[in-house]
Amino acid sequence: MKKLFYLLAVGLALLGYTMAVAGETGAKLSQESIIEKIQKEGVIRVGMATFVPWAMKDKQGQLIGFEIDVAKKLAQDMGVEIEFIPTAWSGIIPALLTGKFDVIIGGMGVTPARNLKVNFTVPYDYSGMSMVAHQKRAKGFSRIEDFNKPEVIIAVRMGTTAEQAARKYMPTAQFKLFENESQALQELNLGRVHAVVSSAPMPAFHALKYPDKLFIPLKENFTKEPIGFALKKGDYDALNYFNNWILNMHAQGFLKERKAYWFESKKWESLIK
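To get the working numbering, take the position in the sequence shown, counting from 1, and add 994.
For the record, the hints were derived by calculation from the structure and aren't laboratory data. Since this is a predicted model, take the numbers as computed values, not measurements. A couple of the hints might just be wrong.
List time: in silico DSS-like cross-link candidates among lysine-lysine, alpha-carbon distance up to 27 Å [as the list claims (entries may be wrong)]:
1. Lys-1133 / Lys-1162
2. Lys-1053 / Lys-1261
3. Lys-1253 / Lys-1218
Build the full structure now, drawing on both the sequences and the hints.
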């Protein structure tokens, strides 16, 4: 008799667990994908931050850049309008999670720490960290080891993979953290720091603008990282769509063509000067 009650209790427990799992699964399946939401509203909201030449403003105050081209093409292929939502980089993931926008398309490096908070698409680009240095303060510096000293001051944008890379490769240096990259570059121009670490090709572009005071100390990028769209976890329909869109853009040569324009030429300089 006790055995019968025991088996009955176990059976009821399993039934309750199965119903709970089914209910949770059903709830997840019933949740509207952002793909459906975007189609219904007729607009995709993109979180981004200004970052030359990924995203910047032209002389008329309009957003241009590699990321802007990518996001506009995505919206065009989805048949919807696009709304760019510039956001401070340090708060861009929390803003995504609270629904301020649908997706981050902003040169975001795929890292394990970020991947715990958001889902990433397959890479649509690869980037690497480089450095632009002050000629007087970093005179004779030509190796990463030259900057890994307690008296060296590195400026970097906070919350970025540039900050992570700088701390990893130059752990004994001092760091000045800034909310946006223009502040870090201003510190460099004024000679208050030895160098700025950022994703290529920005350091090279900035050095070309001020050849009398700045230089590129390292011949090659010192890291390589995949770049992906970031979206909320659990939305597998959206992840599937974005992944396949990126694969199509790679196959069609669109991403390669836009990367060559923004990263390997200076044809766009007249748009911002």
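Structure-based check of all given hints:
1. With a C-alpha separation of about 23 Å, the suggested pair Lys-1133 and Lys-1162 falls inside the 27 Å cut-off, and the hint holds.
2. Distance check on the hinted pair: Lys-1053 and Lys-1261 sit about 15 Å apart at the alpha-carbon level, within 27 Å; holds.
3. Straight-line distance between C-alpha atoms of Lys-1253 and Lys-1218 comes to about 16 Å, which keeps the hinted pair within the 27 Å bound.
Checked against the numbered hints given earlier, this structure breaks none of them.
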